[in-house]
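Student: These are the residues of each chain, in order.
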Amino acid sequence: MMEILNHILTPEFGYSVIRVSTPIVFGTMGAMISSRAGVFNIAIEGIMLLSALLGVLFSAVMPVWIALFLTLVVAGFVGFLLGFLSIKLKSDIFLTGIAFNMIAVGGTIFLLYLASGQKGVSTSINSKVLPRVEIPLLDKIPWIGEPLAGILSNHNILTYLSIVAVIVLYYLVYKTALGLRIRSVGENPDAAESVGINVRKTQYIALIISGVLCGFGGAFMSMGYLSWFSNNMVAGRGFIAMAANGMGGATPVGGFLVALFFGFADAMTNSLQLVTSIKIPVQLIQMLPYLATVIGLVLYNINKRRKAMRIKLMLEDKNK
Amino acid sequence: MNKNAKFEILRTSMAIFIAIGISLVLIILVSDAPLVALRDLFFGPLTSLRRFGNVIELTIPLIITGLAVSLIFSSGQINLSTEGAFFFGGIVAMMVALAIPMPSYIHFFAAMILAGITGAIVVTIPAYLKEKTGSSEIVSSLMLNYILFFLGSYILYYYFKDPEAGINASYLFPDTFRLSVLVPGTKIHTGLFLSLISVFLGYIFLFKTSTGYKIRMVGANKMFSKYTGMKVFKITLLSQIVGGFIAGVGGAIQLAGMYKRFNWVALPGYGWDGIIVSTLAKGNPLYVPFAAFFIAYIRTGAAIMSRGESGVPPELKAITQGVIIILIVAQQFLAKYKNKMIYKESKLEIEKAGGDQ
Amino acid sequence: MGKDILKMEDIYLIYPNGIVANQNVNFSLKKGEIHALLGENGAGKSSLMKVLFGLEQPQEGKIILKGEEVKITSPSVAIEHSLGMVHQHFKLVPSFTVAENIVLGVEPKKRIFMDMDKAKELSLNIAKENDFHIDVEERIENLPVGIKQKVEKLKALYRGAEIFILDEPTAVLTPQETEELFNQLTLLKEKRHTILFISHKLDEIKAICDRCTILRHGKTMGTYETKDITKEEISRLMVGRDVVLEIDKTKAEPKELVLNVKNLRVKNYLSKEVVKNISFGLRAGEILGIAGVEGNGQSEIVEVITGLNKTYGGDIFIKNKDIKKFSIKNIRDLDLAHIPEDRMTYGVASDMDINSNLIPNIVDDEKYSKRGIINKGAIQEITEHMIEDFLVKCNSGAQKVQMLSGGNIQKVVVAREIYNKPKIIIANQPTRGIDVGAAQFIREKLVELRDGGSGILLVSADLNEVFELCDSIIVMHRGEIAAYFDDISKLTENELGKYMLGIEKQKDVGGVAYE
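Protein chains in written order, with the numbering used here: chain A, 2 to 321; chain L, 56 to 412; chain U, 19 to 533.
To be clear, the hints were calculated from the coordinates, so they are not data collected in a lab.
Accuracy of the hints is not assured; some may be wrong.
[Stated by the list, open to error] Dumping the calculated DSSO-like pairs for lysine-lysine here, alpha-carbon to alpha-carbon at most 30 Å:
#1 U/LYS273 <-> U/LYS237
#2 A/LYS89 <-> L/LYS61
#3 A/LYS176 <-> A/LYS280
#4 U/LYS209 <-> U/LYS138
#5 U/LYS273 <-> U/LYS84
#6 L/LYS337 <-> A/LYS89
#7 U/LYS146 <-> A/LYS176
#8 L/LYS277 <-> U/LYS463
#9 L/LYS187 <-> U/LYS21
#10 U/LYS138 <-> A/LYS202
#11 U/LYS290 <-> U/LYS49
#12 U/LYS273 <-> U/LYS290
#13 A/LYS308 <-> U/LYS342
#14 U/LYS273 <-> U/LYS508
#15 A/LYS202 <-> U/LYS411
#16 L/LYS289 <-> L/LYS187
#17 L/LYS277 <-> U/LYS441
#18 L/LYS242 <-> A/LYS120
#19 U/LYS209 <-> U/LYS49
[As the list claims (entries may be wrong)] Chain U regions said to be covered by chain A (calculated; three or more residues, Cβ under 8 Å):
#20 218-225
#21 248-254
#22 508-521
Fair warning: this is a prediction, and the values are worked out from it, not measured in the lab.
Beta carbons: idealized from backbone N, C-alpha and C, even for Gly.
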């Protein structure tokens, strides 16, 4: 037990929580904005995977920032495409999203092979990573400075951007006209339509933003978290993000906190594997984040139902 | 045959043609020897018994998961745990195979039944959680797949791993567990019969029994089903149980037919393939073998193509399959044509009826 | 009063499913008047308003606004033309504040952000100008219905509306709230706004409207000065019968009580009591009508009798069995059939074939499935008979229901429900929106069943139907029984209309059970 605590109560552990949370945070924000507009982006996983590969491929032949930009453009386009199929062509958005994810799994391997002749890993491609950023002066704070810097400083720039994304989305959703419209479209499309808001257009916009956010998450995977692309490297983070969004009540801050929790579970998985005193099977540890997701999802929904029930009872009481 | 069925066939074939068209364009774009690639893709599987055997070997699990998904989706649940049920069915079959010695036939049979029961339980969980707590069955079933994978891997590595195998794999299966080869020179095994029997039974269940009828009704319109007095939740669960059972059985058949030992180090993916097969078969078990054969054929062709000199990786198939699904589920794809047809038909009908109002 | 500000000429609207909603409707509004639009449900009022507000495109006809022809292709175009609509089902976002709902779509901005303070200020100003007292920072979900309606009006005012369309605004209001609404409307009128007021309630129309236009079966029945027309005349114009199709029907011979409803009380989803302590009984061999303008508690009564809603006060006995703990299936097993109001949601699975839609009630019978296996021959036989007997026009039973016309879909529903001659039939608007031929056919079938000894509870807003079919009748008004007639032949249309519209009410009609 002590050994586990020794692993967790270190700046390194805090650092790794933030690091592994980054893609989940981006994915969660992507899920948040689309679900707020009443369209369920189930292709988050696939868009992240595609973006991870594109980041590698683009950055091999062009400056890393342009590569990132192009990756985001493509990711946003995939979001648009999902919208086109589900809104315009009236496809089942779930099955379409599943198909997108399938195409992404096979398609990335296909593309990687075309580009490098390699299958599975992109180590032969000379791709670039996005820079890390040191927060100045943080370690100069007395007492807590050193560990704080250990946790917060020297992350990949996209990690900081993920936190910026949460803040930006908070303002977008709650403080701008577009946010108001997105929320109205998701909550009561009839109301939006009755005041002349173009429901479809608003949903397209939300899906494009969602795609771009997933693009950030994917780019982080191969240009920050790791410095290469490997087959199916997103490994369910897109789906976990969907769950995190549900548990976070489709709010930016709520989703962010749940995403951090999943990041914590993920980091625990890595740390527990280093613990030698108690032999916990590695597979059971790896199972934890997913198990936590299901349990969290169920508890969240039970709670939501209870609340709805309480409100209903309250209304009935009032009526008597 | 009525017009609607005709239209659906037309639409499905159009989807397949367009998807193949896209593949052709991709092949021509990427390959140095596109003609060789096309020859390998389309005719490769026919060039030797072993290759055609590969097609059939792959068709077997696709039939089973395609059938399972058709049943699971038939009551309107988008439950994606077929993948986990198939994998964990395999784990349970392995446990029975290695831990409990039994005589021939009985051994496989017992393993298969237990795998099926496991699959049924697995697939029922998301539907149950959905009804009781309102949790999205999509998310919970996806998570369940990962949980089952790690749990299965744990069981494999800690209790059944053969240290002398050199790879992460179980001990060798006893002969009492293995299915016999049907066609010498290939690995086509008796599981083919089992899968076709399952399809037949699945079809009977879904289309010839009153329970199957109710399941389809619930899938088509829950409110209507409730109004006619059906127990909607019970019927939904039943469809999950039957579909899950078949998925679990599939894991056992695949293991006993194709493997000497358990060595899946990742989710095998047949559950996802089942979604493709089922979508292509429009959820009708009777069409599942054809859809499974089609998918197995292009996959085998893609594999042959990639081994050849053409330099086209086999993952091309994923793009082809994804495009097919997208086009099939796009209701408005060719909808103008369909609307015209409906309009003509109803106008005819009004004329027949005497045209009142 | 000014000159015509809005004219709708020869509006002709046919829905894709063939229902004719408006036929050559002519209608005009004068600037600064309150104009009532009257008509039964299904008379085409809502359709006409949808045309005006750009939600439906008419096949023929013109809309002339301030002397110029306009094409209203969407709600935003309607808003641009200074039209404002207060929908019956509010178009508000529950989690938003009042101010957010008011400015939605035309938000004040401060650089890239929304200027929330400005939004509050503007909302407050517009409320003050119109003498509305309202907290603009409260969330819609926490507000009572009357205030929500005010928000809808403020939305329209904020967008500069000059012509207001109010779709049955009083249907959801308490008497006090109604009074307040009338004060506001008078105020708006003084400010030279034009108001189009849709309602069934004659008292209200007499109270505040200057003119009224009456619609019946999709056609205009004329425009009148309200002061020159009596309530009785209005009700005759609204509910009068156009064509009288006679059905051969002998006098009923009622027998034992098959359905007994005692002190029934039902609340709707808003916890508002919509059925208020009513009692009645249905006897075998009679058709008991429940007449009334829609939304006066009829649908709720049907829901509890058929088991779709299990929360009610009082008791319901079917064949002397208390059904409080009975499932839908248990109730159906008492030989009760239900022809539902909402055909496409409860009546059919439109994606499935006709045969599948015909058999859910019988599929478990031994004759049609043995040990769970469906007896295809027997089913084929009975469905063929059903299709034949009920004149369902189709290529074959394998055709999908969605390919049929409305009348034929309803025949499928009716065939399924009454083919086996059930003892009790609950028929809710059985012929709504279908062609005359199919309607007549269904009505004849119901009479046939009555003669065979079935008890039929017929809920209908169609007076033709009520008079043709019913032996006895209950009239519902605001969740209460306004009148009961044991013999409908003693009742005239005019009288019935008065009870339906609440002009008159019988005293002490609570207990109608035949005990």
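Student: Each hint: holds or not?
Tutor: A quick look at each hint next to the structure:
1. U/LYS273 <-> U/LYS237: 42 Å, violated
2. A/LYS89 <-> L/LYS61: 24 Å, holds
3. A/LYS176 <-> A/LYS280: The given pair, whose Cα atoms are some 50 Å apart, is violated under the 30 Å limit.
4. U/LYS209 <-> U/LYS138: 23 Å, holds
5. U/LYS273 <-> U/LYS84: Measuring from Cα to Cα gives roughly 63 Å; hence the hint is violated.
6. L/LYS337 <-> A/LYS89: 22 Å, holds
7. U/LYS146 <-> A/LYS176: Roughly 25 Å between the alpha carbons, so the hint for U/LYS146 and A/LYS176 holds.
8. L/LYS277 <-> U/LYS463: This hinted pair holds, its Cα atoms lying about 29 Å apart.
9. L/LYS187 <-> U/LYS21: 62 Å, violated
10. U/LYS138 <-> A/LYS202: The given pair, whose Cα atoms are some 27 Å apart, holds under the 30 Å limit.
11. U/LYS290 <-> U/LYS49: 37 Å, violated
12. U/LYS273 <-> U/LYS290: 36 Å, violated
13. A/LYS308 <-> U/LYS342: 27 Å, holds
14. U/LYS273 <-> U/LYS508: It holds: about 21 Å lies between the C-alpha atoms, which stays within 30 Å.
15. A/LYS202 <-> U/LYS411: Not satisfied, since the Cα-Cα distance of roughly 42 Å exceeds 30 Å.
16. L/LYS289 <-> L/LYS187: Holds, at about 12 Å.
17. L/LYS277 <-> U/LYS441: At roughly 26 Å apart (the allowed maximum being 30 Å), U/LYS441 and L/LYS277 satisfy the hint.
18. L/LYS242 <-> A/LYS120: 27 Å, holds
19. U/LYS209 <-> U/LYS49: 11 Å, holds
20. 218-225: violated (count 0)
21. 248-254: violated (count 0)
22. 508-521: violated (count 0)
Of the hints listed earlier, those the structure fails to meet are numbers 1, 3, 5, 9, 11, 12, 15, 20, 21, 22, in rising order.
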